[in-house]
Amino acid sequence: MYDMDQLTDVLTALSHPTRRAIIGQLANGPARFLDIAKPFDTALNATTKHLKVLERAGLIERQKHGREVLISFRGGPLREVAGWMHEYDRFWNERLDQFEQYFKNKKKKEKK
Amino acid sequence: MTNSKKTLEFKFDRTIPAPPAEVFDGWLDPKIPGNPWNMAEKLLLNPKVDGFFYWLIKENSHYGRFTEIERPSRIQHTWMSRSTLGEETTVTLTFKKQGEDTLMTLVHTGIPDTEAGRGHERGWNHFLDIFPEQFGDGSRKEK
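In the order they appear, the protein sequences are chains Z and B. Quick note on numbering: the first sequence equals residues 1 to 112 in the working numbering. Quick note on numbering: the second sequence equals residues 1001 to 1143 in the working numbering.
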């Protein structure tokens, strides 16, 4: 049900404090590359590498706005990870969806 | 995250297009898809107060005891499996009439909040500790 390769990429991306800080920054809104790099006392190419890891995990995307490239946060992969974490969350949601669907189908048949 | 006695609670709501009594009965009928007893490899089910159940699926045994049966409004039973690490957890269902439908609520409490209970791998606790700081309420520390 879950794409384990993507999970691995997301978990790898989250395993580094700088990358978590970048996500935290982008959660407040899109930013340009230099604005992202500024708070960190690292070389620009280190920031570039971190962004590549985040991009591979699907946690950020780049969009061109005229001459500028804005980098923004994407929450989808984190929701997948959260769902995967909670075994019972997944279990009951799947069960209840099936149960609900059974009664919906039954009602449809009765109307015919 | 170091307290192994910390427990998790999950709550789910569904609106079912049928009256409460029908939904209540459906939840206890192993033939109806979606309830816990459906698709069992082995099932022993005695849905009355102090009745027990045994449910085997994918080589994972589940055990429990019904503690409340109030047709058509409420079912409560305990729930133990390898995912609860032998701890007795509690599943409570309520069925409330909502027009022609039923608002069904399932609450599962007392689930051990451990790495094994969550079914995840080592290293998660660190992430879970840091996650609320980053996303909780926008109160991220500014540089």
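Everything labelled a hint here was simulated from the structure, so no lab data went into it. Hints are supplied without guarantee of correctness; some may be wrong.
[As the list claims (entries may be wrong)] Calculated from the model, a selection of chain Z residues having no Cβ within reach of chain B, i.e. all distances over 12 Å:
(1) D9
(2) A43
(3) L51
(4) G58
(5) R62
(6) R67
(7) L70
(8) I71
(9) S72
(10) D89
(11) R90
(12) N93
(13) R95
(14) L96
(15) D97
[As the list claims (entries may be wrong)] Some, not all, of what chain Z presents toward chain B, calculated at C-beta under 7 Å:
(16) F33
(17) F73
(18) R74
(19) E87
(20) Y88
(21) Q98
(22) F99
(23) E100
(24) Y102
(25) K108
Since this is a predicted model, take the numbers as computed values, not measurements. Yeah, the Cβ is synthetic: ideal placement off N, Cα and C, and Gly gets one too.
Taking the hints in turn, this is what the structure says about them:
Against chain B, the non-interface label of D9 of chain Z holds: every CB pair exceeds 12 Å, the least being about 14 Å. With a minimum CB-CB distance of about 17 Å to chain B, A43 of chain Z clears the 12 Å threshold, and the non-interface call stands. No Cβ of chain B approaches the Cβ of L51 of chain Z within 12 Å, the least distance being about 17 Å, so the stated non-interface status holds. For G58 of chain Z, the non-interface assignment is confirmed: its Cβ lies about 17 Å from the closest Cβ of chain B, beyond the 12 Å cut-off.
For R62 of chain Z, the requirement that its beta carbon stay farther than 12 Å from each beta carbon of chain B is met, with the minimum near 21 Å. Here R67 of chain Z stays apart from chain B, with its beta-carbon at least about 25 Å from theirs, past the 12 Å limit. Every CB of chain B is more than 12 Å from the CB of L70 of chain Z (nearest about 19 Å), matching its label as outside the interface. Separation of I71 of chain Z from chain B is adequate, the least Cβ-Cβ distance of about 16 Å exceeding the 12 Å criterion.
Here S72 of chain Z stays apart from chain B, with its beta-carbon at least about 15 Å from theirs, past the 12 Å limit. Separation of D89 of chain Z from chain B is inadequate, the least Cβ-Cβ distance of about 5 Å not exceeding the 12 Å criterion. With a closest Cβ-Cβ approach of about 9 Å to chain B, R90 of chain Z is found to fall inside the 12 Å limit, against its non-interface label. For N93 of chain Z, the condition that its CB be more than 12 Å from all CB atoms of chain B is violated, with the nearest at approximately 7 Å.
Annotated as non-interface, R95 of chain Z brings its C-beta within 12 Å of a C-beta of chain B; the closest such distance is 5 Å. With a least CB separation of 5 Å from chain B, L96 of chain Z falls inside the 12 Å interface cut-off, contrary to its annotation. Not every C-beta of chain B lies more than 12 Å from that of D97 of chain Z, the closest at about 7 Å, which undercuts listing it as non-interface. Interface restraint check: F33 of chain Z against chain B, minimum CB-CB distance 16 Å, threshold 7 Å, status violated.
Interface restraint check: F73 of chain Z against chain B, minimum CB-CB distance 10 Å, threshold 7 Å, status violated. Hint status for R74 of chain Z: violated, given a least beta-carbon distance of 13 Å to chain B, over 7 Å. Taken as an interface hint, E87 of chain Z checks out: its beta carbon lies about 4 Å from the nearest beta carbon of chain B, inside 7 Å. Hint on Y88 of chain Z holds. Least Cβ distance to chain B is approximately 6 Å, under the 7 Å limit.
Interface hint status for Q98 of chain Z: upheld, as the beta-carbon distance to the closest one in chain B is roughly 3 Å, under 7 Å. Below 7 Å, beta-carbon pairs count as interface contacts, and F99 of chain Z has one with chain B at about 3 Å; its hint therefore holds. Interface restraint check: E100 of chain Z against chain B, minimum CB-CB distance 5 Å, threshold 7 Å, status holds. Evaluation of the Y102 of chain Z hint against chain B yields a held restraint, the C-beta minimum of about 5 Å falling below 7 Å.
Hint on K108 of chain Z is violated. Least Cβ distance to chain B is approximately 9 Å, over the 7 Å limit.
Of the numbered hints listed earlier, those contradicted by the structure are 10, 11, 12, 13, 14, 15, 16, 17, 18, 25.
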